[in-house]
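Take the sequences, apply the hints, and build the full model.
Chains as they are written, first to last, in our numbering: chain A, 1 to 287; chain B, 1 to 406.
Derived from the structure by calculation, the hints contain no laboratory data.
For every residue, glycine included, the Cβ atom is placed at its ideal position computed from N, Cα and C.
Where hints are given, some of them may not hold.
To be verified - DSSO-like, lysine-lysine: derived pairs with alpha carbons at most 30 Å apart: (1) B:Lys-398 to A:Lys-128; (2) A:Lys-128 to B:Lys-200; (3) A:Lys-128 to B:Lys-250.
Stated by the list, open to error - Partial pick of chain B residues on the chain A-facing surface, computed with a CB cut under 10 Å: (4) Ser-38; (5) Ala-42; (6) Ser-60; (7) Ser-209.
Said to hold, decoys possible - Here chain A is said to cover these stretches of chain B; the calculated rule only asks that three of the stretch's residues, wherever they fall, bring their Cβ under 8 Å from a Cβ of chain A: (8) 190-204; (9) 305-318; (10) 383-391.
Residue strings, one per chain:
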Amino acid sequence: MQALYAQLLVGLINGSFYALLSLGLAVIFGMLNIINFAHGALYMMGAFVAYFLLNLGGINYWWALLIAPIVVGVFGMILERTMLQWLAGLDHLYGLLLTFGIALIVQGVFQNYFGSSGLPYSIPDQLKGGVNLGFMFLPVYRGWVVIFSLVVCLATWFLIEKTQLGAYLRAATENPTLVRAFGINVPRMITLTYGLGVGLAALAGVLSAPINQVRPLMGADLIIVVFAVVVIGGMGSIMGSIITGFALGVIEGLTKYFYPEASNTVVFVLMVVVLLVKPTGLTGRAA
Amino acid sequence: MKNTISALLLGTAMALSVASIASADDKVVKIGVLSDQSGLYADLAGPGSTLAAQMAIEDSGLKAKGWTIDLISGDHQNKPDIGTTIARQWFDVDKVDTIVDVPNSGVALAVNNVVKEKNGVYINSGAATSDLTNAQCSPNTVHWTYDTYMLAHATGQALVKAGGDTWFFLTADYAFGAALERDTTAVVLANGGKVVGSVKHPLNTADFSSFLLQAQASKAKIIGLANAGGDTTNSIKQAAEFGIVKGGQKLAALLLFLTDVKAIGLETAQGLNFTETFYWDLNDNTRAFSKRFSEKMKSGAPPTMVQAGVYAGLMHYFKALEALGGNPHDGAKVVAKMKTIPTDDPLFGKGEVEANGRVTHDAYLFEVKKPSESKGPWDFYKLVGTVPGNQAFTPLDKSTCALLKK
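Below, the structure written as structure tokens:
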């Protein structure tokens, strides 16, 4: 039983990465109708920016949490301005192919310069060590990741669902022409939204840098699972993707305990089941 | 009459030209470096293996003796089906004679069958499974650098003798992990130890915390990492995070490469014991080679043992070609020749290619240095022991290779 508690907690930790990443995807899909396949690559870039800040500029983890999402977010906005915006109104497939291509290029460039085995990034001193919870030894850093990402997820949800700005955004998605008639700069809003989604990915990248290696392929390994999370939660649903992210982390954690061989397929089995029973996802509305 | 003569002349000319092409063909070989070029093993093999092969071709001096040696490389992406498809295409279309490297035991065993079927030469450096020279041995295969039997015996024995008598395994869920766990278990049991449990994780796993918690709960003295590359580095890093080593359990990295230590960082990796058959800073010969090698590597990295094995394996292959004098296309014949010549190269020293295809050379027990002991960017290892070549690998009377029963 003790072991089970430990696995549940570990599942929550992984779930927080799934939640942060799928949230970014959901925001981008919900507001821009783009299936952002470059998300994994941008997550990786976030981790690399943190690495560069520390090793070239001597800037620590805490600043990286702020700077990396901004740097990568600006990169994302440039992508949106120069490429993605021309695909507005076209079939989803075009956006998917374009972002997939971008992901491959970005990964290829990083792999060319940094190889595949990764670079070390150590846990900040303030978060080193761990606490003995009785049923498990919880590294402080992992606990921090769960709490921090939960706060960020809820803040994002609040921003989009409960504020004036969020209301503009949702309205702009629904009927851009009408919203423009009210004097709101819709293209700029869309660019900023893409920047926000991308920034969330970069933030997840910084959070994961001390746990995993900073590797060019770190995003590629994760992105497929995250897409499954978004599909299960319902494309474009903000709260759905947060809850599904955490829930799937837990389910995956339990699988690692009961039948580890299936731990990297269980998410996809669930995805198939959900698609068969409820094709719009658990919380999704019909398109 | 005139027509007949000219026809005869033409025929003779054609026959001559065919003959001359045939004799020129005699000294042409094509080598394919089949590796993981972009995945988790790309740094320890990959492009560095191709570079090592190029250096072997240059250093062999065969070109000056009239040989033409072509080199191509391919990416098997750690998938056995892709590996065999490339191998078949190389033999059937590109007329490749020899395949080298092939890390990833799953791919290596699959390619082993193709090379045997096509009667090519197979010099494996990257893969670990000892099955290549046991149950699945082949007259076309030479297994150069290391194998699971050697890793299990050198590292496993040393740790059990030092008091680590209960083991829990974290095993990569494919041919390599299974072979390494099997061989290490045998050593642990033979030395009076006990295996209290194991868990199989998928290849290329990012998060090991679930598995590490199970290992922690097992209370085993030693946690044996029967995995490689990125999986090993992640296991070690996260074990430190969960306080496993501080809690009194010891990690046994059964297979650790130079590039892995670089990725983990000395701070976390210090004190780990493991076995390799090559290290760049062993002696003057290895330093000289490594200097030339790292100057040509984009990352400036010195060679790993796998890359060194590609070089040494090809150098030995070239010796066999020279001894044969030409006609290098009968793979089994070339490998038979390689087995008759004792191995002796600057990187691995003296040894031999045994009848089952296993190459023997010394193996070294290393310990990762403390950050304060390291004097340069790749100064990572401290030599703590040497296992002589004739004791490091499967003894021939214990090998299950069918070639030995003739």
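Here is what the structure says about each hint:
no.: 1; hint: B:Lys-398 to A:Lys-128; verdict: violated, 49 Å
no.: 2; hint: A:Lys-128 to B:Lys-200; verdict: holds, 29 Å
no.: 3; hint: A:Lys-128 to B:Lys-250; verdict: holds, 20 Å
no.: 4; hint: Ser-38; verdict: holds, 6 Å
no.: 5; hint: Ala-42; verdict: holds, 4 Å
no.: 6; hint: Ser-60; verdict: violated, 28 Å
no.: 7; hint: Ser-209; verdict: holds, 5 Å
no.: 8; hint: 190-204; verdict: holds (count 5)
no.: 9; hint: 305-318; verdict: violated (count 0)
no.: 10; hint: 383-391; verdict: violated (count 0)
Hint check: violations occur at hints 1, 6, 9, 10; the rest are consistent with the structure.
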